[in-house]
Each structure stands twice: as C-alpha cells, then as structure tokens.
Amino acid sequence: MALLELRGLGKSFADRDRPGQPRWIIRDLSCTIEEGEFVTMIGPSGAGKSTLLNLIAQTDLPTAGEVRLRGEVVSHAGATTLDPGVGRRIGYVTQEDNLLPWRSMRDNVLFPLEVQGALDDAARRRADALIEAVGLKGFERHYPHELSGGMRKRCALIRTLVYDPPIILMDEPFGALDAQTRAQLQADLLNLWTMGRKTILFVTHDIAEAIVLGDRTLVLSKAPTTIAGEHPIPIPRPRDAHNVFGLAGFPGLHEAIRAQVQ
Amino acid sequence: MTAKTRIILGRLVLGLALLAAWEIAAMRLGLGFVAGPIAVVGRLWQITASGEIFVQTLATAQATGLGFLIGTAAGIALPLLLRLSGRATRAIEPFVMASMGIPIFALAPLLILWFGINLTPKVVITAAMVFYIIFVASFAGIRAVDRRLVAMARIVGARDWAIMREIHGHAMQPYLFTGLKIALPRALSATIVGEFLVADRGLGFYIENARQQADTVGVFTGVVVVTVLVLGLDKILQMVEARALRWRPVDRDMMA
Chain A
1460 MALLELRGLG KSFADRDRPG QPRWIIRDLS CTIEEGEFVT MIGPSGAGKS TLLNLIAQTD
1520 LPTAGEVRLR GEVVSHAGAT TLDPGVGRRI GYVTQEDNLL PWRSMRDNVL FPLEVQGALD
1580 DAARRRADAL IEAVGLKGFE RHYPHELSGG MRKRCALIRT LVYDPPIILM DEPFGALDAQ
1640 TRAQLQADLL NLWTMGRKTI LFVTHDIAEA IVLGDRTLVL SKAPTTIAGE HPIPIPRPRD
1700 AHNVFGLAGF PGLHEAIRAQ VQ
Chain B
6 MTAKTRIILG RLVLGLALLA AWEIAAMRLG LGFVAGPIAV VGRLWQITAS GEIFVQTLAT
66 AQATGLGFLI GTAAGIALPL LLRLSGRATR AIEPFVMASM GIPIFALAPL LILWFGINLT
126 PKVVITAAMV FYIIFVASFA GIRAVDRRLV AMARIVGARD WAIMREIHGH AMQPYLFTGL
186 KIALPRALSA TIVGEFLVAD RGLGFYIENA RQQADTVGVF TGVVVVTVLV LGLDKILQMV
246 EARALRWRPV DRDMMA
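If you're matching them up, the sequences are chains A and B in order. My numbering applies: residue 1460 is where the first sequence begins, and numbers increase by one. My numbering applies: residue 6 is where the second sequence begins, and numbers increase by one.
Keep in mind the hints are simulated off the structure, nothing from the lab. Note that beta-carbon positions come from the ideal geometry of N, C-alpha and C, so glycine has one too. There may be inaccurate statements among the hints.
Covered stretches of chain A (in silico footprint by chain B; criterion: 3 or more residues with CB under 8 Å from a CB of chain B, positions within the stretch not fixed) [what the hints assert, rightly or not]:
(1) 1466-1472
(2) 1523-1532
(3) 1545-1552
(4) 1660-1674
Using C-beta positions, here's what the derived DEER-type ranges look like [said to hold, decoys possible]:
(5) B:Ala78 / A:Lys1681: 53 to 63 Å
(6) A:Gly1608 / B:Arg164: 24 to 34 Å
(7) A:Thr1539 / B:Leu63: 56 to 66 Å
(8) A:Gly1688 / B:Ala249: 49 to 59 Å
(9) B:Leu74 / A:Ser1489: 56 to 66 Å
(10) A:Gln1480 / B:Leu112: 15 to 25 Å
(11) B:Thr232 / A:Gly1594: 49 to 59 Å
(12) A:Ala1461 / B:Glu98: 47 to 57 Å
(13) B:Gln67 / A:Arg1600: 37 to 47 Å
(14) B:Leu63 / A:Arg1600: 40 to 50 Å
(15) A:Gly1688 / B:Ala82: 24 to 34 Å
Input sequences plus hints: build the corresponding full structure.
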C-alpha cells in the first residue's frame, strides 16, 4: 500500500472576473508515493505547487478528490475541519524557515518535541545528534537573527526531522540561497536521507535540484495543475551535489524533464 | 578624552546650568513663588531624617503598584481572551473603545462614594488609567503576530493553549513594553491626583497638604521626589525589557 496517495485532487477559487465560474488551480491530480521514497516535484512558477502541498499538509482543504495516508482518507472534498500536519504524521518544511525569533537555535529544534510532550533525554540526544550532523554544533545558543540564511534552513529542516513524521513535504526550502550554500544544503539533505531513509516529497522549480535529490521526478503542468509526466532517476547514490553535471546520465534526464516543463 | 566622558561631562555641565537657573529663578521670584534647589535639598534632608519621605513614598508606591499590576493583568488578559473569538472581539471592542472616552478623574467623586477614603479609589483610578494603554498595546501586538509561525506551530502539533503562550505571548512583548513605558509615569500621576482628592498619606497628599499651608518648598520637594520615583521605576522597567527582549535584533543594534 502506498504511503501517500492523492486521488483526483482539485482546488478552485471563486474568480472575480468570471462570477459563477470557479478558477481551478489544481485539477484531477493523482499520484502515489511509496514508503522510503524521495520524490521530487517540479513545475513552472504559478503551477500551484505550494497550494498542492498545503492540501496534503492540510493547512487548506481540497475542492475535489481526497488524500490518503497509508490507505486512510485523511482529507477530502467537503470536509470542514482542518488538522494541520495530520496529527503530526506529515512534516512540512516551508519556503520561509519560520523559526521562532525568541528561541535559540537548539530550542527551536526542540520546539515540536516540547509541544508534543515528548521532550525526554533520548529526544534531546537525537536533537543534538541532528544539530551535529548538519554542522550547527557550537551555535546552539544563537538566536535566529544571529545565524546565516543557510544555517536557518538547516535548523528548520532538522526541526521537522527531530520528531520523525512518516512523510515530510518540502516546498522549495533552498530557493532563496546562493548556489554554493544551496549545493551544500542539498548534500546535507542527501546525507540525512541516507541515514534515515525518510519519505520525502520535495517541490522545486530547479530541474538540477530535482534530479540530484530524487528517486523519481514528477513534472507538474501549468494551472490548472495536474501531473504532466514522471521520470525515474536511475543515477546511483551517493550523488555529489556539488558536481551535478558529472552525474552519469544527468544531461539526458535534464533535457527530457526540461522539454516537459512548460 | 573619549566620546563617552565628553557626553558625561556635557550632561554634568547642562545639569549644573539648569540647577543654577532654577536657584536664580527662586532668588529673583521669591521663595513663596519658586523654591530653589538648595531649599529643596534642605527639606529633603529634613523629611529623610524624620522618616516622613519613606512613609509617603511607600503609600504612593503601594497604590501605584497595585493599580499598575491589576491594570496590566486585565489589559493583557482581555485581548488574549477576545482572540479566541473574532465575533466576540468585534462585539466588545467598540464598547472598550467608547469607555476609554470616559474621563477617569471625573469618576473620582463616585469612587470615593463607593469605596470610601482608603487605598481602593486610588488603585481603581490607576488601574483604569493603565488598563486602556495596555489593552491597546496588547491588542496591536496580537494583531501583528506572524500567521506563518502559528501555521508552523499547528503542523508540528501545538494546541491552542501552547500557541497562545509560546507565539502570542512572545510576539506581543515588544508592544507590551512600549505600552508599559507609556503607562508607568501615567500610573504614578493618576495615583498622585487621586491622593490630591482624597488621602491621608502619600506623596500627592504631601504636596496638597503643603499647598494648603502655602509651603512652596514642600510642594517643590514633593514634585522632586515623584520625579525621582518615576525615573527609578522606568530604569527598572528598562532593565526588565532588555532582559526579556534579548532575542530582538533591533534592540541590540540600537544599544551598540
């Protein structure tokens, strides 16, 4: 059984220019994601990528279709109540890091454990291990405004990893970073993923990023968004994020995906 | 000479010049009109030796402190409770704003009628004065909360109570401290005016009593003590704020 399944998912908004006719942002979108899979999703800007993740993370409700988590319908058209994060089973790393400015770096990482009442010694050790794994050791007591953009992203990333949700959504988390920092964060993410084999759905508008990270890349169409194509990424791991063009088969994959992204 | 010692020297010179001007004004206009600093220091010495200054200051500080605490607590609690319901907020807010228009001091006779000549009327006046300032400040602070932080907290499993404590509680602090800084001198003024009207002790009573005896030195001395009290309390508030808002980048930049 697929870990995550989207069936005929759709989202529409009332259109001010055409009263009575809804404007569909996402329409009839279906796909499945298996346990332990790293799926990247790529689409042109304005393709409703963030809207789609909001529907899955349940910070928004669909107008059509349903979302299934291990077979259980967790969200469907006509539902009226939201359960953001679906009972902590769906982690969500957004474009902005959304760190709490009054908490130190370490306390930001511990925040989910604290509100979940799961903050014990083992959890603290896990947090400290993650902090060390992404190279943030020595910055535990720094406030977010004292950290660089890349460090803040790392902190936001491990804040979600620390409570170990079965699936993690990532919405262009490295979008606003310079190329060097970005490659380093991709490398860090690959490392973390190899360690834990989490199920990840990673949205990006950067084709190279989609290839270097994913087991499989889904291409989204322009709005109304649906799945335009699917590309398995057979490049063996470990992959070097600092040298994407040196990866075997990269140019062909890049060209095939680019041709499909409108 | 460093820039810092220059500033301190400048302050010293300016302070002495102001004191000199004050003393000259007292000599020219007569002690019955303006009491000069020398006379005030003499009186301060007297009432410190007799202990009267402590009795009066303590009485005023008690009324101000109680009123300040009650007004602040209510001013924080009401917006937080209103946050739970948008409809309740829209229903209640105009009434709070309208009641702000009632001149509090005009209610003093009524308060005396209700509570008698004791601590209560002064505490009520002070609390009312503080409440509106803190209410408006807290309200603005809650409105300014970053929705994205709330969304993040929900996704990682935080419930309403935890979100209110963690996110609203922290995000409103800069606004709250601005409100407290405005409210503090006003709270003291409110207590003093309350003591003018009805009291048998307190700094306001001391000033009013001196006026009734045409004791200009006493009036000036009382005002000086009140001013020093305001400055002292403001200093304490500043220290609390610097500690509580350590996480804010702006404050750090401004201190550097």
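Against the structure, the hints come out as follows:
Under the rule that three or more residues need a Cβ within less than 8 Å of chain B, the assignment of the segment 1466-1472 of chain A is violated, with 0 such residues. As drawn, the segment 1523-1532 of chain A meets chain B at 0 residues by the rule of a beta-carbon pair under 8 Å; below three, the given contact is violated. Three residues within the 8 Å Cβ limit are the bar, and the segment 1545-1552 of chain A against chain B gives 5, so the coverage statement holds. For a cut-off of 8 Å, the count of residues in the segment 1660-1674 of chain A with a CB near a CB of chain B stands at 0, and the three-residue condition is violated.
Here the CB-CB span from B:Ala78 to A:Lys1681 is close to 55 Å, well matched to the stated 53 to 63 Å. For the pair A:Gly1608 and B:Arg164, the supplied restraint of 24 to 34 Å holds, since their beta-carbon distance comes to about 31 Å. Checked against the given bound of 56 to 66 Å, the beta carbons of A:Thr1539 and B:Leu63, roughly 59 Å apart, stay inside it. In this structure, A:Gly1688 and B:Ala249 meet the distance hint of 49 to 59 Å, their C-beta atoms being roughly 54 Å apart.
A C-beta distance of roughly 60 Å is found between B:Leu74 and A:Ser1489, which places it inside the suggested range of 56 to 66 Å. For A:Gln1480 and B:Leu112, the Cβ-Cβ distance of about 59 Å falls outside the hinted range of 15 to 25 Å, so the restraint is violated. Range check, B:Thr232 to A:Gly1594: Cβ separation about 54 Å, and the 49 to 59 Å hint holds. Take A:Ala1461 and B:Glu98: their Cβ atoms lie about 49 Å apart, and the range 47 to 57 Å holds.
The supplied range of 37 to 47 Å is met by B:Gln67 and A:Arg1600, whose beta-carbon atoms lie about 40 Å from each other. Look at B:Leu63 against A:Arg1600: about 41 Å separates their beta carbons, and that is inside 40 to 50 Å. The beta-carbon spacing between A:Gly1688 and B:Ala82, approximately 56 Å, falls outside the hinted interval of 24 to 34 Å.
The earlier numbered hints that this structure contradicts are 1, 2, 4, 10 and 15.
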